[in-house]
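Protein chains: 4
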Amino acid sequence: MVSSAEEAAFEVGIKFGTLYHQFAGTPVSPASAGSLETAIAEAIENQPHCVDVTVDVLEDALEAELADGPAEYTELTGRFMEVEVVVDYEGTRAVARMAMDDGYPLMELVNVGE
Amino acid sequence: MVSSAEEAAFEVGIKFGTLYHQFAGTPVSPASAGSLETAIAEAIENQPHCVDVTVDVLEDALEAELADGPAEYTELTGRFMEVEVVVDYEGTRAVARMAMDDGYPLMELVNVGE
Amino acid sequence: MVSSAEEAAFEVGIKFGTLYHQFAGTPVSPASAGSLETAIAEAIENQPHCVDVTVDVLEDALEAELADGPAEYTELTGRFMEVEVVVDYEGTRAVARMAMDDGYPLMELVNVGE
Amino acid sequence: MVSSAEEAAFEVGIKFGTLYHQFAGTPVSPASAGSLETAIAEAIENQPHCVDVTVDVLEDALEAELADGPAEYTELTGRFMEVEVVVDYEGTRAVARMAMDDGYPLMELVNVGE
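Protein chains in written order, with this note's numbering: chain A, 14 to 127; chain B, 14 to 127; chain C, 14 to 127; chain D, 14 to 127.
Bear in mind the hints are in silico, worked out from the structure with no lab data behind them.
Please note that a few of the clues may not be correct.
FRET-style restraints, in silico, Cβ to Cβ [as the list claims (entries may be wrong)]:
1. Asp69(A) with Glu103(D): 44 to 52 Å
2. Gly47(D) with Ala80(C): 39 to 47 Å
3. Glu76(B) with Gly116(D): 18 to 26 Å
4. Asp114(D) with Gly82(C): 46 to 54 Å
5. Pro83(D) with Ala84(C): 36 to 44 Å
6. Met113(A) with Asp114(D): 23 to 31 Å
7. Leu79(C) with Met113(D): 38 to 46 Å
Stretch by stretch, here's where chain B covers chain D in the computed footprint (C-beta under 8 Å, at least three residues) [to be verified]:
8. 37–43
9. 46–58
Computed list of chain D residues with no C-beta within reach of chain A, every gap over 10 Å [to be verified]:
10. Ala77
11. Val99
12. Gly104
Don't be surprised by glycine CBs; every beta carbon is placed ideally from N, CA and C.
Make the full structure from the sequences, and use the hints.
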């Protein structure tokens, strides 16, 4: 027996794992950050029960990273994005976020409810 | 406020999204199915709260697919694997499975409890 | 000893492998095809020596695929995209394409020269 | 017109792009490094014209990385692996390697010939 709240939490977890592991490693620069944000959000919003995906690829963090070396791009990782995903499972909503926490990207279930 | 049951469901969802989108697309043949199974399971078991991952890459399904054409390998997709993941979040367990359902790979939250 | 023509061919091969295995598996629908095309092209153009990337995510093929079942999206694979990549390695150009050939996605080195 | 040497270089480039972008981001620890090495090598060896793939996931580098923080695993990136791929295209061999070079993972075409 699984509740709607647990189903909603499961579904928003799937979206986060998908988002991170589909797109981590993508070559990204400040100039291409915008198109990647849009594509990630629209891709994940295709998935079942997904209501809204907000992706911020952090251009300032990319610029700071690239200022230190000769490369003009890097690979997308959790350090370079903030994400919020909202799922609605039969009327129960789950909201999760990813942001940096003490140097590590933390995926956090923020709220589950109606 | 998020319950331990919801956290456990969220965590097992992350593992499923990770597993699928990290490894879907991997070149796979009946001969390499075994090493891929082991690597997927050990990779996902690294993630927080993950107790057990069982991956069955379906060699029979791979052989049937490859019997129809000239290729000797294909890309890993949900049609070619069955997966079970068990997460323990502070004493609450969540179990999820992926298997084919009417032609589509279905990720299903099977149980959440102590 | 490696010639510039061989280096150009190597570099365009890297771009193709990157493009395919970074983005295969992405959830895609006719509505999200456009943003994915743009993001793929801009991501790969970040890589060294890459002059131009053209990606066509095939909305007609996506619609035909989705007409057969209940799902509103599918996973990106070679059946749903045509790609051309141009690399310039120290004045030597290499052009490669991917398109379907007898039911399989074929990556083909089209031309190497000045 | 494309020579066999250029085709061999293109093919070995594809293998490198595939290997890196399929497996970068995989959760990895010193304990799971061995199974990942084997799976990566066997996966890429499935691809056309691929004769040999050698993958060394650098357990010492993983241990050094993890010694600095609370996490027990990290994500696979170029810093944590050395790779050699050998392709044979109709009798012409191409050899490529990836290793760290001044802080960046460098993919290098080492040799093309008979």
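With 10 Å as the threshold, tell me whether Gly104(D) passes as away from chain A on beta-carbon distances.
-> 34 Å, holds
Quick one: are Leu79(C) and Met113(D) within 38 to 46 Å, going by C-beta?
-> 44 Å, holds
Gly47(D) and Ala80(C), beta-carbon distance inside 39 to 47 Å?
-> Because 46 Å falls inside the window, the suggested range holds.
In terms of Cβ atoms, is chain A entirely out of 10 Å range of Val99(D)?
-> Correct as stated: the minimum Cβ-Cβ distance to chain A is 24 Å, above 10 Å.
Satisfaction of the hinted span 18 to 26 Å by the C-beta atoms belonging to Glu76(B) and Gly116(D) = 45 Å, violated
Are Pro83(D) and Ala84(C) spaced within 36 to 44 Å by their CB atoms?
-> 40 Å, holds
When you take the CB atoms of Met113(A) and Asp114(D), is the distance between them in 23 to 31 Å?
-> Distance hint for Met113(A), Asp114(D) holds at roughly 28 Å.
Separation of Ala77(D) from chain A, once the least beta-carbon distance is taken, above 10 Å = Its Cβ never comes within 10 Å of chain A, the nearest being 16 Å, so this holds.
Within the stretch 37–43 of chain D, is the number of residues with a Cβ closer than 8 Å to a Cβ of chain B three or more?
-> holds (count 5)
Taking the beta carbons of Asp69(A) and Glu103(D), is their distance inside 44 to 52 Å?
-> Cβ of Asp69(A) to Cβ of Glu103(D): about 49 Å, so the range 44 to 52 Å holds.
Quick one: are Asp114(D) and Gly82(C) within 46 to 54 Å, going by C-beta?
-> Holds: the Cβ-Cβ distance is about 48 Å, inside 46 to 54 Å.
Counting residues of the stretch 46–58 of chain D whose CB is closer than 8 Å to a CB in chain B, do you get three or more?
-> n = 9 at 8 Å, threshold three: holds.
Consistency note: the structure conflicts with earlier hint 3 alone.
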